[in-house]
Amino acid sequence: NAGVTQTPKFRILKIGQSMTLQCTQDMNHNYMYWYRQDPGMGLKLIYYSVGAGITDKGEVPNGYNVSRSTTEDFPLRLELAAPSQTSVYFCASGRQGAEAFFGQGTRLTVV
Amino acid sequence: GESVGLHLPTLSVQEGDNSIINCAYSNSASDYFIWYKQESGKGPQFIIDIRSNMDKRQGQRVTVLLNKTVKHLSLQIAATQPGDSAVYFCAENQRGKLIFGQGTELSVKP
Chain A
89 NAGVTQTPKF RILKIGQSMT LQCTQDMNHN YMYWYRQDPG MGLKLIYYSV GAGITDKGEV
149 PNGYNVSRST TEDFPLRLEL AAPSQTSVYF CASGRQGAEA FFGQGTRLTV V
Chain B
13 GESVGLHLPT LSVQEGDNSI INCAYSNSAS DYFIWYKQES GKGPQFIIDI RSNMDKRQGQ
73 RVTVLLNKTV KHLSLQIAAT QPGDSAVYFC AENQRGKLIF GQGTELSVKP
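Chains A and B supply the protein sequences, listed in that same order.
The first sequence begins at 89 in this note's numbering and counts up by one.
The second sequence begins at 13 in this note's numbering and counts up by one.
This is chain B alone, in the form it adopts within the complex (with noise of 0.2 angstroms):
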């Protein structure tokens, strides 16, 4: 069946620090998987991208690994800042079918 979970509901991180958010999918045809931010009260704003034919993309402050023998995908902050505090959301897009997962709540303490 088609699955998207997450490994960790919440996480809580001193500011600096970096944080790792986990999560697993279970469909190997998936191709494109994307990270979202979500503020309360807000819609999901997209953070990063990876396609299937890789295994790490890099962005602002954000690292995003694949590993597709395993079925993970990981979402690095670098120095996490009180601004990052959300929830994150990783999505799996299968031929337009856009499918979330739980969704982790990461805490920043100042």
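The following block holds chain A by itself, in its conformation from the complex (with noise of 0.2 angstroms):
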């Protein structure tokens, strides 16, 4: 049972590089989202998605883009980072009006 699965795990980008995190769930939820967590920090909804071919910016979408062509994978974008984006990155899946399930992150360093 893989539940929510993001790649990779680490990674490092140098200043004005692109890169996609990968996120991808087999519990069949409609929902997802996408989440950063600075040090010592709580979790900031960057994007989210209610089903296949909608997606909706959260609280800190700047700097980022998604698409969600498949229940399954919500692929997150960052196109020209940014030493700012250094951060964890959290993928999460769940079921309208219950609880989301979380990967186990992606860590993102800029340089």
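Honestly, the hints are just simulated from the structure, not real lab data.
All C-beta atoms, glycine included, are put in the ideal place defined by N, C-alpha and C.
Incorrect hints may have been included.
Sample of chain B residues with no beta-carbon within 10 angstroms of chain A, all distances over it, derived [what the hints assert, rightly or not]:
no., residue
1, L23
2, D29
3, A36
4, S40
5, Q72
6, R73
7, Q88
8, A90
9, A91
10, S119
11, V120
12, K121
13, P122
Reference excerpt, derived from the structure (chain A facing chain B, CB under 8 angstroms, subset only) [what the hints assert, rightly or not]:
no., residue
14, Y119
15, Y136
16, Q184
17, E187
18, F190
19, Q192
Put the two chains together into one complex; each comes in its own frame, and the hints tell you how they fit.
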């Protein structure tokens, strides 16, 4: 039972580079989320999706893009990496009106 | 606006004591609340939830209380154990948008 799987687990990017953080879930959940967590801080919602083909901005969407072409996958795209995007990124999925299940996170460093 | 916040950023308790972690929310339209536990280096894990039409819900050693009048949520942990040491977050779910509070670090002294 895989649950929510994030890849990669760690990544170092240079300023200005681009990358995609992958997230996939095998629980047939309609809701999916992307968060970032800075050291010693809480989780900030970047983007979320209530179903395939539907995405919406969260609290801190600037510098990121998402897509949701299938129920299972919800990739997060960083187009021009900046040091301020150094963080741990968590993907989560859930059903309407129920708890969200989290992946193990991607630790991203931008230098 | 939407915000979920915590009164205490850190909490230190003796093993065996009860712990109470508090959370304030500002959006009266929120209809579902969740408590999560996060251990170092891991993703948040679900502890317990409560809907806005309830004021109390109990789980194994945990109880969540919801006071809609003052927009306050609390998590009570009975007989706190060393394994309960972690950061605890409350989260507010409004039509699918899940917003987290700041978090409280719980430290359990043996």
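Right, here's what the structure says about each hint:
1. L23: With a cut-off of 10 angstroms, L23(B) remains clear of chain A, as the shortest Cβ separation is near 15 angstroms.
2. D29: 25 angstroms, holds
3. A36: 14 angstroms, holds
4. S40: It holds; S40(B) is separated from chain A by about 18 angstroms at its closest Cβ, greater than 10 angstroms.
5. Q72: At roughly 16 angstroms from the nearest Cβ of chain A, Q72(B) sits farther out than 10 angstroms, so the non-interface label holds.
6. R73: For R73(B), whose nearest Cβ neighbour in chain A is about 18 angstroms away, the distance exceeds 10 angstroms, so it holds.
7. Q88: 19 angstroms, holds
8. A90: At roughly 21 angstroms from the nearest Cβ of chain A, A90(B) sits farther out than 10 angstroms, so the non-interface label holds.
9. A91: 24 angstroms, holds
10. S119: Check passes; 14 angstroms lies beyond 10 angstroms.
11. V120: It holds; V120(B) is separated from chain A by about 19 angstroms at its closest Cβ, greater than 10 angstroms.
12. K121: K121(B) is indeed farther than 10 angstroms from all Cβ atoms of chain A, at 21 angstroms.
13. P122: Fine: 24 angstroms to the nearest Cβ keeps P122(B) off the interface.
14. Y119: It holds, given that the least Cβ distance between Y119(A) and chain B is near 5 angstroms, below 8 angstroms.
15. Y136: Nearest chain B Cβ about 6 angstroms off; hint holds.
16. Q184: Check passed: Cβ of Q184(A) comes within 6 angstroms of chain B, closer than 8 angstroms.
17. E187: Since the shortest Cβ distance to chain B is 4 angstroms, the answer is holds.
18. F190: 3 angstroms, holds
19. Q192: 5 angstroms, holds
Every hint, counting from the list given before, is met by this structure.
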